[in-house]
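Visitor: Going line by line, the protein sequences match chains A, B, C, D, E and F.
370 is the number of the first residue of the first sequence in my numbering; add one for each residue after it.
370 is the number of the first residue of the second sequence in my numbering; add one for each residue after it.
370 is the number of the first residue of the third sequence in my numbering; add one for each residue after it.
370 is the number of the first residue of the fourth sequence in my numbering; add one for each residue after it.
370 is the number of the first residue of the fifth sequence in my numbering; add one for each residue after it.
370 is the number of the first residue of the sixth sequence in my numbering; add one for each residue after it.
Hints may be right or wrong, so weigh each one.
[As the list claims (entries may be wrong)] Cross-link-like lysine-lysine pairs, in silico, DSSO-like; alpha carbons within 30 Å at most:
#, chain 1, residue 1, chain 2, residue 2
1, F, Lys374, F, Lys463
2, B, Lys380, E, Lys458
3, B, Lys490, C, Lys374
4, E, Lys380, D, Lys380
None of these hints come from the bench; they were simulated from the model.
There are 6 protein chains.
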Amino acid sequence: MKYAKSDTYQKGLALLNHLHGEEAGQQLLDNLQDVCPDFVDMTVEWAIQGIMARPGLDLLTRKYLLIASCTTLGHAVPQLKAHIASALKLGATKQQIVEVILQMTFYAVGAAVSNSLAHAKEVFENHKQ
Amino acid sequence: MKYAKSDTYQKGLALLNHLHGEEAGQQLLDNLQDVCPDFVDMTVEWAIQGIMARPGLDLLTRKYLLIASCTTLGHAVPQLKAHIASALKLGATKQQIVEVILQMTFYAVGAAVSNSLAHAKEVFENHKQ
Amino acid sequence: MKYAKSDTYQKGLALLNHLHGEEAGQQLLDNLQDVCPDFVDMTVEWAIQGIMARPGLDLLTRKYLLIASCTTLGHAVPQLKAHIASALKLGATKQQIVEVILQMTFYAVGAAVSNSLAHAKEVFENHKQ
Amino acid sequence: MKYAKSDTYQKGLALLNHLHGEEAGQQLLDNLQDVCPDFVDMTVEWAIQGIMARPGLDLLTRKYLLIASCTTLGHAVPQLKAHIASALKLGATKQQIVEVILQMTFYAVGAAVSNSLAHAKEVFENHKQ
Amino acid sequence: MKYAKSDTYQKGLALLNHLHGEEAGQQLLDNLQDVCPDFVDMTVEWAIQGIMARPGLDLLTRKYLLIASCTTLGHAVPQLKAHIASALKLGATKQQIVEVILQMTFYAVGAAVSNSLAHAKEVFENHKQ
Amino acid sequence: MKYAKSDTYQKGLALLNHLHGEEAGQQLLDNLQDVCPDFVDMTVEWAIQGIMARPGLDLLTRKYLLIASCTTLGHAVPQLKAHIASALKLGATKQQIVEVILQMTFYAVGAAVSNSLAHAKEVFENHKQ
Numbered sequence: 370m371k372y373a374k375s376d377t378y379q380k381g382l383a384l385l386n387h388l389h390g391e392e393a394g395q396q397l398l399d400n401l402q403d404v405c406p407d408f409v410d411m412t413v414e415w416a417i418q419g420i421m422a423r424p425g426l427d428l429l430t431r432k433y434l435l436i437a438s439c440t441t442l443g444h445a446v447p448q449l450k451a452h453i454a455s456a457l458k459l460g461a462t463k464q465q466i467v468e469v470i471l472q473m474t475f476y477a478v479g480a481a482v483s484n485s486l487a488h489a490k491e492v493f494e495n496h497k498q
Numbered sequence: 370m371k372y373a374k375s376d377t378y379q380k381g382l383a384l385l386n387h388l389h390g391e392e393a394g395q396q397l398l399d400n401l402q403d404v405c406p407d408f409v410d411m412t413v414e415w416a417i418q419g420i421m422a423r424p425g426l427d428l429l430t431r432k433y434l435l436i437a438s439c440t441t442l443g444h445a446v447p448q449l450k451a452h453i454a455s456a457l458k459l460g461a462t463k464q465q466i467v468e469v470i471l472q473m474t475f476y477a478v479g480a481a482v483s484n485s486l487a488h489a490k491e492v493f494e495n496h497k498q
Numbered sequence: 370m371k372y373a374k375s376d377t378y379q380k381g382l383a384l385l386n387h388l389h390g391e392e393a394g395q396q397l398l399d400n401l402q403d404v405c406p407d408f409v410d411m412t413v414e415w416a417i418q419g420i421m422a423r424p425g426l427d428l429l430t431r432k433y434l435l436i437a438s439c440t441t442l443g444h445a446v447p448q449l450k451a452h453i454a455s456a457l458k459l460g461a462t463k464q465q466i467v468e469v470i471l472q473m474t475f476y477a478v479g480a481a482v483s484n485s486l487a488h489a490k491e492v493f494e495n496h497k498q
Numbered sequence: 370m371k372y373a374k375s376d377t378y379q380k381g382l383a384l385l386n387h388l389h390g391e392e393a394g395q396q397l398l399d400n401l402q403d404v405c406p407d408f409v410d411m412t413v414e415w416a417i418q419g420i421m422a423r424p425g426l427d428l429l430t431r432k433y434l435l436i437a438s439c440t441t442l443g444h445a446v447p448q449l450k451a452h453i454a455s456a457l458k459l460g461a462t463k464q465q466i467v468e469v470i471l472q473m474t475f476y477a478v479g480a481a482v483s484n485s486l487a488h489a490k491e492v493f494e495n496h497k498q
Numbered sequence: 370m371k372y373a374k375s376d377t378y379q380k381g382l383a384l385l386n387h388l389h390g391e392e393a394g395q396q397l398l399d400n401l402q403d404v405c406p407d408f409v410d411m412t413v414e415w416a417i418q419g420i421m422a423r424p425g426l427d428l429l430t431r432k433y434l435l436i437a438s439c440t441t442l443g444h445a446v447p448q449l450k451a452h453i454a455s456a457l458k459l460g461a462t463k464q465q466i467v468e469v470i471l472q473m474t475f476y477a478v479g480a481a482v483s484n485s486l487a488h489a490k491e492v493f494e495n496h497k498q
Numbered sequence: 370m371k372y373a374k375s376d377t378y379q380k381g382l383a384l385l386n387h388l389h390g391e392e393a394g395q396q397l398l399d400n401l402q403d404v405c406p407d408f409v410d411m412t413v414e415w416a417i418q419g420i421m422a423r424p425g426l427d428l429l430t431r432k433y434l435l436i437a438s439c440t441t442l443g444h445a446v447p448q449l450k451a452h453i454a455s456a457l458k459l460g461a462t463k464q465q466i467v468e469v470i471l472q473m474t475f476y477a478v479g480a481a482v483s484n485s486l487a488h489a490k491e492v493f494e495n496h497k498q
């Protein structure tokens with residue numbers, strides 16, 4: 370019943386697909402659709418269309434900031450991997466993504482930098498470049 | 370006795386001064402000089418010259434990543450304020466810095482986004498632009 | 370210019386005033402109005418009207434959950450104090466609030482439980498009951 | 370040799386069984402029995418009988434607070450799942466548990482809310498209701 | 370009315386006084402006595418007599434572990450300072466305490482190591498050695 | 370091409386091998402060698418030779434501090450397990466390691482103490498003593 374969604378939702382969905390690709394974008398939504406459909410709407414309307422779509426910073430810089438934040442958190446592994454894949458899709462090189470994670474040294478804990486680099490390696494291996 | 374420091378230290382010190390200004394840079398070093406001089410050297414040689422000075426990302430993008438990380442951490446207040454002041458010095462507008470912090474919504478906890486905006490406000494008020 | 374705000378905002382603002390009182394509610398909004406007015410709108414439309422106003426749990430239980438979360442975070446002190454004051458306004462007894470914080474023992478770190486109890490004590494002292 | 374345990378332990382064990390069921394309760398204890406039997410005793414005597422059994426808040430509200438805390442922590446996955454299962458056992462509906470997790474939006478990081486909803490989904494699927 | 374306290378409490382109180390000195394120990398207890406007397410009892414009976422008094426590691430090593438933990442947490446400032454003062458009382462040198470904090474580099478975030486060294490400096494300045 | 374590495378690197382590598390054994394030490398380095406070789410060098414030169422090799426605290430005490438820090442973090446699982454294995458290699462008994470983790474009760478969250486004990490159990494089972 371996505372056709373009854375708000376205009377904000379429709380725009381957010383288009384941006385989500387641009388950021389992650391239609392297949393991965395749809396998967397992100399489907400995952401929680403049955404357990405909490407309102408959270409899916411909030412993700413699309415608030416986090417994507419409300420925050421990511423704002424002017425003032427380009428999309429790739431915003432993705433870098435999210436990779437930095439997920440590296441700092443240490444436990445947001447599925448999100449970290451989704452943002453790394455998205456950054457590649459937006460045109461980042463592997464080396465730039467590694468550099469973003471490495472910049473977290475002394476800010477994130479070392480274990481989180483190390484584990485995030487290992488997660489990046491996994492995403493890179495699944496990504497044809 | 371800074372003249373006996375390594376070449377890496379000298380380069381790091383120059384970059385620190387470029388990033389924060391000589392007065393604020395010197396203050397950052399002086400603060401811990403007596404309690405742990407080795408930590409001051411590590412900061413300059415490792416965090417500044419070893420990480421910040423790396424190629425692959427420009428300095429302002431690196432500063433944005435650090436603001437994102439400090440916002441995510443929530444308790445790194447002196448560091449957050451120093452990086453915001455440094456980003457202004459490097460040419461960021463207040464609106465861009467606000468946008469970096471706002472991008473942390475849903476990644477940092479809301480309380481940390483809110484408190485970081487309040488800290489940014491304080492730095493902005495002390496900054497002639 | 371609050372009169373031009375959305376209906377969602379108006380409803381959220383009324384709930385905010387109900388939760389915190391008009392004076393404290395207005396202060397929460399004014400604090401970040403100049404540095405990031407969009408964050409103020411998001412707080413009212415998303416966090417208050419989008420989350421707090423949902424059916425399924427009563428307002429005081431929701432407040433208890435936020436006190437539990439802030440105690441767990443350890444660094445969200447202004448938010449913790451605002452939620453404790455709001456819980457009192459909603460009819461919670463001091464003992465119930467202490468019990469909520471004490472329940473965090475073994476979940477939050479002990480230092481955060483201890484510091485949160487000290488923050489509760491401060492709020493209680495400023496509160497006529 | 371549970372028969373030589375203190376009266377506090379016996380009461381805590383009965384409450385643990387009430388909260389999680391005898392099988393899951395026993396499993397929680399058995400898991401660490403050989404590596405650190407004193408930690409098992411502390412769990413039963415302190416966390417269960419010393420905290421959970423206190424008057425002033427009902428057991429289900431206490432469980433909600435623990436779900437809120439585990440969602441905020443982000444990395445306490447086995448504990449989150451055990452508390453969700455226990456809340457169901459105590460009579461909570463799936464929708465109430467989802468609502469408790471959703472209330473953490475803007476308090477826990479978004480990634481933790483999202484991951485916690487996914488963990489709830491798993492627990493719900495294993496639970497006959 | 371401390372004379373009616375349990376034997377475990379009495380032993381814990383004696384250890385607390387040994388660790389922090391009678392004046393500072395009493396202050397730690399008095400601080401939360403009115404807002405949550407049960408938390409004070411739990412601190413003495415569980416954290417001090419139940420954990421600190423255990424055999425297997427000497428008291429100073431235990432204090433070092435608590436300084437490491439508080440440095441890792443980043444927001445447990447009153448506790449960090451109390452443990453640093455206690456370690457000095459138990460015979461640690463300032464340099465050993467600095468070394469404990471410095472060892473957290475790459476484990477705690479850099480900001481927390483830096484801020485913890487600044488807190489140590491404050492404790493050292495108030496301490497006659 | 371390890372033969373071209375700095376003297377600091379060579380010393381750090383020798384210490385890494387002493388701490389973890391040559392096989393596990395090499396594995397720690399190999400894991401991130403292709404995705405970010407500079408991070409491997411930083412680990413050896415900064416974290417091992419720059420921090421672990423410092424005078425003032427013995428190696429086993431330093432390992433205990435790292436186990437305490439990883440327990441406090443809660444999400445640094447591979448690092449926690451590597452440090453537990455290393456502490457055993459340096460001569461710690463299983464009981465001493467359990468005691469280090471147990472000392473984190475009230476400092477780390479209870480879930481992290483519990484999960485860390487479970488991780489220790491796994492390491493112990495893979496370790497011939």
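Visitor: Hint by hint, say whether it matches the structure.
Guide: Hints, verified against the model:
1. Distance hint between Lys374/F and Lys463/F is unfulfilled; the C-alpha atoms sit about 36 Å from each other, more than 30 Å.
2. Among the hinted pairs, Lys380/B with Lys458/E is inconsistent with the structure: their alpha-carbon atoms are about 41 Å apart, more than 30 Å.
3. Restraint check for Lys490/B and Lys374/C: satisfied, since their Cα atoms lie roughly 24 Å apart, inside the 30 Å limit.
4. Proposed proximity of Lys380/E and Lys380/D is supported: the alpha carbons are some 25 Å apart, at most 30 Å.
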